[in-house]
Amino acid sequence: MKSSEQKPNQGDSRRDFLKKTSVITAIALTPGTAIKAAENNADERFAELFEKIPLKLTVNNKTYQTTVEPRVTLLDYLREELHLTGTKKGCDHGQCGACTVHVDGQRVNACLSLAVMNEGKKITTIEGLANGDTLHPMQAAFIKHDGFQCGYCTPGQIMSAVACVREGHANSRAEISEYMSGNICRCGAYPNIVDAIIEVKEGGETV
Amino acid sequence: MINFQYLRTTTAKSAIALLGKDKNAKFLAGGTNLIDLMKRGVTAPEKLIDINHVPLKQIRQIGNKIHIGALASNTAVADHPLIKEKLPLLSRALQAGASAQLRNVATVGGNMMQRTRCGYFYDIEMPCNKRQPGTGCGAMEGFNRMHAIFGTSEKCIAVHPSDMCVALIALDAEVILANAKGERKLSFKDFHRLAGDTPQLDNNLKADEMIIGLEIPTNNLAKNYHYLKVRDRASYAFALVSVAAAFEIVNNKITDVRLAMGGVAHKPWRLTASEIFLKGKEASLTNFEQAAQLAMKDAKSFGGNDFKLKLAPNTIIEALNLAKSKA
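If you read the sequences in order, they're chains A and B. According to our numbering, the first sequence is numbered sequentially starting from 1. According to our numbering, the second sequence is numbered sequentially starting from 1001.
Please note: incorrect hints may appear among the correct ones.
As the list claims (entries may be wrong) - For lysine-lysine, the following DSBU-like pairs were computed, each having C-alpha atoms within a straight-line distance of at most 30 Å:
(1) A:K122 - B:K1039
(2) A:K52 - B:K1086
(3) A:K89 - B:K1026
Said to hold, decoys possible - Sample of chain B residues with no beta-carbon within 12 Å of chain A, all distances over it, derived:
(4) H1053
(5) R1060
(6) G1182
Simulated from the structure, these hints should not be mistaken for laboratory data. We treat Cβ as the ideally placed atom computed from N, Cα and C, and that holds for glycine.
Next comes chain A alone, as it looks inside the complex (with noise of 0.2 Å):
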């Protein structure tokens, strides 16, 4: 605990900060109870420990809308809230691409971002990406060409392979490997994945 919030000057509050802030354009997204606690003159700091914001966002075509403390990842989010664990936690360090969802249509890192942060966007995990019963392309071309081993990396490095085609970065074998280089395996099923991918591409299906 820092000093300068143990001061007993309520002039200095975060509440006090907070009222002059809301009066530019800033969203400040203040908790209710965190000015109920600075109103009983409770520790604000040990409040907001406790505190959830606000959250709307579409997944797989849902929308949810939740509250959710600023510290939970987008990654946790998915998988402890949503129980979508076909997202994996490798590293969760942005270092395997284990956890690459598509956000707004671009993959990114889950691990790496607050659920918070994805406000209003629309997130694609490898739940939403066969449609039905239906596999889609990248996810039988995965099959077909033996694309994995364990299959821990295999959700991330799918909605990676997706992507890459979807950028027009898989034209040889060279730039698939430089545009896949986010996603690591360790069972080493490389040649495979980039055979998929090559699959895919020349296949000419919409993916």
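Following the hints, put chain B in place on chain A, whose structure we already have.
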């Protein structure tokens, strides 16, 4: 991750007002470095101001300058037709950095603000003058294979890992900064700092300032250029050594030349003495070799990174050769 207050804003003015002079507040853009550091307990801001909705994403040419908004993503800049045509060195450097997923969210301002760092900075059990001033440098006599050979200090030998910044320092970029009172311009070469006695400071951004964008003068360097990044694997790894090389040849003579290195110093490292040497000379292997030798004049290694004393000049020569053969 220790929790924090989360604020979101839609204008630069309000972002700056929310920041105030609060040392415990930070701007949140892509978050690819900041969130990672917060997860590891290296940093724990009390307030994050999400600036992703501030409209600073534009990339355009005004007169003889290319303007890039601070919140343009690394992908957006690298793939932009204007950048590919007029500043291909920048495009290539960006593509050499990170992964496609990270480049999609990482911003120009965030790339500049990523910490100069090493494994000891990341491991909170280890001493590190950058993370905790006065605790010592674990790397100095520890594992220092990735570390600096130029402008080193007794306090810190970590390197700035950005590729984009190596191209920007070579291209004479200027940084537009703003606080509540107004804007100022800072030469890109003066943005980042050497460690000196204050390794905790990576750059000269003031506590109440926000990066608004970059201005890069147009040039005649789009024909002969190369960004050469040498690393432990073919992609998605920090540079051991990287070189941005670009020059203009008129009547067989070099009329303009830019050389900068990454992975060798606490900041992007411009090779001014080599540039001065090459200007007016022929683009020949002998001259490239002499330029590389000049660049290495004050280099110093620490055991694990001794190999960089040889790798660095070889990379300079190869980058210049590749830039020459492009025409």
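How the hints compare with the structure:
1. A:K122 - B:K1039: Satisfied, since the Cα-Cα distance of roughly 25 Å is no more than 30 Å.
2. A:K52 - B:K1086: With a Cα-Cα distance of about 46 Å, the restraint between K52 of chain A and K1086 of chain B is violated, given a limit of 30 Å.
3. A:K89 - B:K1026: Judged against 30 Å, a Cα distance of about 26 Å means the pair holds.
4. H1053: violated (9 Å)
5. R1060: holds (22 Å)
6. G1182: Answer for G1182 of chain B: holds, closest chain A Cβ roughly 17 Å.
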